[in-house]
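*Asks:* Read off the chains here:
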Amino acid sequence: LAKTTQPISMDSYEGQEVNITCSHNNIATNDYITWYQQFPSQGPRFIIQGYKTKVTNEVASLFIPADRKSSTLSLPRVSLSDTAVYYCLVGDRSNYQLIWGAGTKLIIKP
Amino acid sequence: DSGVTQTPKHLITATGQRVTLRCSPRSGDLSVYWYQQSLDQGLQFLIQYYNGEERAKGNILERFSAQQFPDLHSELNLSSLELGDSALYFCASSASGSSYEQYFGPGTRLTVT
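Protein chains in written order, with my numbering: chain A, 1 to 110; chain B, 1 to 113.
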């Protein structure tokens, strides 16, 4: 099973681009990578999902290198409301196992 | 609002007791997932059901059990409760059994005294 590792915390400033990286060295062929955002006392909220290369939606981009041993969530021009915990999830579609990272606490300063 | 509902919002009970948490998935979603999140900790995946059948098990204790009913709502049963079971319990749903685009409910906060 893949194990995921994320930085415990990160700080940035409003208007900056923030990149959060998740390591998943043992990722398997069938594993997809998904990122979630969680505010205190709320359920996580889906941000983006990918398998390889680059995926972009209206709120974020996800970069996955060719070896897929890591992934980077990129948040463009962050604001104070982006202060939250961000989780990466590696999901194996062959056996349905879910491996969640421990979460990265992102603090955005004015 | 994710469309996933959980009841109750809060639950306070004593050690040794048994409780049932309820989840209604988003309309049309066939999969239900249960998670435990202790204070300031990450998410622990407990179990997944797909269309009434158990699909995957995570770190679920033997004292815990779950089921998904024909109308697709799910219940998580926690028995012989211990102080360490105090946590937020989240339910999530997804459209298929292999989609990791999950929609989370607001959670049930369980306090065991």
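Hints are computed from structural coordinates only; laboratory data are not their basis. There's no promise every hint is true.
[What the hints assert, rightly or not] Calculated cross-link-like contacts (lysine to any residue; reagent style SDA-like; alpha-carbon spacing at most 20 Å): (1) B:Lys57 to A:Asp11; (2) A:Lys105 to B:Ser38; (3) B:Lys57 to A:Arg93; (4) B:Lys9 to A:Ala28; (5) A:Lys105 to B:Gln44; (6) A:Lys3 to B:Gly84; (7) A:Lys54 to B:Lys57; (8) A:Lys3 to B:Gln37; (9) A:Lys3 to B:Lys9; (10) A:Lys69 to B:Gln37; (11) B:Lys57 to A:Ile99; (12) B:Lys57 to A:Gln42; (13) B:Lys9 to A:Gln42; (14) B:Lys57 to A:Asn30; (15) B:Lys57 to A:Lys105; (16) A:Lys105 to B:Asn77; (17) B:Lys9 to A:Ala66; (18) B:Lys57 to A:Gln97; (19) B:Lys57 to A:Phe39; (20) B:Lys9 to A:Gln97; (21) A:Lys3 to B:Asn59; (22) A:Lys105 to B:Gln37; (23) B:Lys57 to A:Leu98; (24) A:Lys3 to B:Gln44.
[As the list claims (entries may be wrong)] Derived contacts from chain A toward chain B, CB cut-off under 7 Å, selection only: (25) Asn26; (26) Thr29; (27) Tyr32; (28) Pro44; (29) Gly50; (30) Tyr51; (31) Phe63; (32) Ala66; (33) Leu89; (34) Gly91; (35) Tyr96; (36) Gln97; (37) Gly103; (38) Ile107.
We put the beta carbon where it would ideally sit given N, CA and C, even for glycine.
*Asks:* Which hint numbers does the structure go against, in order from smallest to largest?
*Replies:* 1, 4, 6, 7, 9, 10, 12, 15, 16, 17, 19, 20, 25, 26, 29, 30, 31, 32 and 38
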